Each structure stands twice: as C-alpha cells, then as structure tokens.
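For the record, the sequence lines run as chains G and B.
Per the working numbering: the first sequence ends with 219, consecutive numbering throughout.
Per the working numbering: the second sequence ends with 219, consecutive numbering throughout.
What you were told as hints is all true, and nothing was included just to trick you.
The list treats identical chains as one, so a pair stands whether inside a single copy or across any two.
Capping the alpha-carbon separation at 25 Å, the derived lysine-lysine pairs in DSS-like fashion look like this:
#1 K131 - K155
#2 K22 - K155
#3 K179 - K131
Derived from the structure by calculation, the hints contain no laboratory data.
As the structure is a prediction and not an experimental result, all values here were calculated from the model.
2 protein chains.
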Amino acid sequence: MQPTSRTIPSRSAKRAHYDEETVYSILDEALFCTVSCVINGQPFSIPTAFARYENVLYLHGSVGSHFIREIEKGIPVCITVMLTDALVVAKSAFSHSVNYRSVILFSTAEKIEEYDKKVEVLKWITEKIVPNSWGYLRPMTESEVRKTTVLGFKIEEASAKTRTGMPNDEKEDLDLPIWSGLIPLRSGRGIPVADDFSKNVPLPEHLRHLS
Amino acid sequence: MQPTSRTIPSRSAKRAHYDEETVYSILDEALFCTVSCVINGQPFSIPTAFARYENVLYLHGSVGSHFIREIEKGIPVCITVMLTDALVVAKSAFSHSVNYRSVILFSTAEKIEEYDKKVEVLKWITEKIVPNSWGYLRPMTESEVRKTTVLGFKIEEASAKTRTGMPNDEKEDLDLPIWSGLIPLRSGRGIPVADDFSKNVPLPEHLRHLS
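The shape of chain G in the complex, shown without the other chains (with noise of 0.2 Å):
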C-alpha cells in the first residue's frame, strides 16, 4: 500500500510496514478492532468484532445501532488492532516496551446491501471467532439477516507497526546488575464450557481442537 501522512506514524517510523501480508496478518489473528469516527465535531469509538476478506474490512451490527447509523453514511472512521506479543522489561524505565503488532486503517463504509453477500460476510465473521462453525449452526433467518447491518471497509490507507525482540537498553546501562528481558504475554481460547441445553449435546468436532 502506498504510504501516507495519515499512515507513516511520527515515532518510530522504521517500526511501520505497507505490505497487505503484514497489515492483514494481524487482522486476521485479532478477534477485535475499535472503530473511530467524528459525531457531531466529537471523536466516538467503539470496540467489536470483524473479519477481513481479500482487501475489505467487514464489520456487522443492529440496524438500531446508533453507532452503525451514523458510520453507514460514509463518514471517514479510523480502525485499529492491537496484538500483544510481550512486555519489554528494560533495566531502566524509559527503555521499557511492548512487543506488539498494530494496524491503523483510514476508510469509509461501504453497505453491502445484497442479501446473499451479507450472509456470506456473517459467515466469514462467525467463522473467524468460531472456525468452521457455520454449516453446524441452525441456518440464519431472512429476519435476522433484516435485523443485521453489514459494512465494508477498503483497506487503502493502512499500515502496520511491530515492534519484536528484547530491550534496547542504554549503553551506559548494560552492565547494571539489573534483570532485562522479555515477559510473554499469552492469549488464546480455553476449554468449552456447555451450557444447560447442550449437556447431552456431544462437543462438535470443529470445537474440539480449538483450545
């Protein structure tokens, strides 16, 4: 992607990268975004889940929702991820960092108005949280797909910004007798607990290995 003032960060600008597998690796592992946009000359943003297609963003919700109503119009949003690999634990303070990969996105919504595409996308995004779940769901109504609104986002103007590997301690503090390194941070899905509806329900194949 071609870089922008938008997208080159002011800090730390050799941290950044413009390649689509960069910026749509880390939405593809990242469960959540948060999506920011101007409301009546006010910033409002708001966290959810989404899932990205070849170089479209999608994210769905209520057709009451307030916060779809007004993005749905065309109004400039800004969507960033964050992932976070490690704290970065420096013998100084100041040196302290984090290992993560982030992507900021600038672009405006597009309605996907046409009905099996919408489906489709609600698939995609289900199927991000839960893989290969939606063939094994009761099948979506005509209703709910109604009740739902579906957006699409083209990823133009985006970039990504990583930071990887241990502390960059001063010089002068290298030799300190003080611990630096890195502490993992872990995230990942757990062991399915069923509700009261599904105790005689066997665990579905697809849910089996995901923890």
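Got chain G; can you put chain B on it based on the hints?
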C-alpha cells in the same frame, strides 16, 4: 457518574454501568487503551499503555509524538478499553455474542508539568505493567523526564458495558441438538525470558510471581 447522551449505549442499555467501582476495576485490569481524537476533521486513534489513579486516567508519550502534541492541546478525546472474557457460542449465529467488560470515557487532556508529579505518574504507568518494579530499576534521569509528556484525563463522563453468562438462544432453538456454551478467552503473563545482558542477574522477586 452521571450518565450522558454519549455514555448511554444505544443498544443493550441494561449492560451499562456508571458506578466508579465497575469503571475503575476494568481500567485497572486492562494494560492498554485506545485513544481517539479529531485531527483536521478526521478521526484518528492509537492504542497505548495507561494507568488510573483516583479519578484520573494517565497517558504518556514522547514529546515528539504528533498525536501527543495534538491531544495535549486539550481537544476532546474518546478513550476505550476492552477486556474479553469468553466467546458466547449459541445454537444460531445470530445469538452468538462475547462476554466482555469495556469502558468508554470522554475527556480532555490536562498536561502534567510539575516534575515530581510527572515522575510519580511514570511510576504508576511502569508499575501497572510490572508491579513493584520502580525501586529496582535504574532511576529516571531529568533528561528522560523532560523528553516525556504526561497527560491526565479526568474520569467524569464515562461508562462501563459488560456482558456475562451463557448464550441467550431463542426459546424455539433451545431443544436443538446443537452445542452451545462459552469458550473462555485466556490472557496472562508468561515466564520471563532474560536478554543477553541479564544472564548472571537473578530474576528479582517482583518478577518471580508475575506469571
């Protein structure tokens, strides 16, 4: 806190909380927030570390950061935080949800200029990331403090939104032989990994019990 038109959610208003205890507990558990503002009429947002003390949320950043220079002017910001506890897997895609605890805060920056207060806030931010570590680290220098901007945001217009519990499937779906329940989302600190400059330094007490 007093609910306002901006902090009352347009959907699932019963999931909203306005008491300090709920809002503060989410802010204190989350390591990162997303700060949004309006620059030249456009939305802009950035994920960053933060700490809360009493009724103020504190951020820090480089004095050279374009974003920090904008928000230190006192323009309106929207700060969001989300903790995700579980994926809520229902018998229909439409009833899928997420168990989360989020906060939305509208505020404006107050720049902390007083030297000792700046150092104190930097201690809070550092010790949120690595509790009890401040006194162990190489002390901050005056030059490092000068290179850092510290901003405080009063927590007055804020709300929390939380979802807990099992899926809420439609009554007519409850007897379907489809598995429903929760997939916990786990996150936490892993086992510390020393860098090359700490091979002979014992892991300090405050890092030993972190994972």
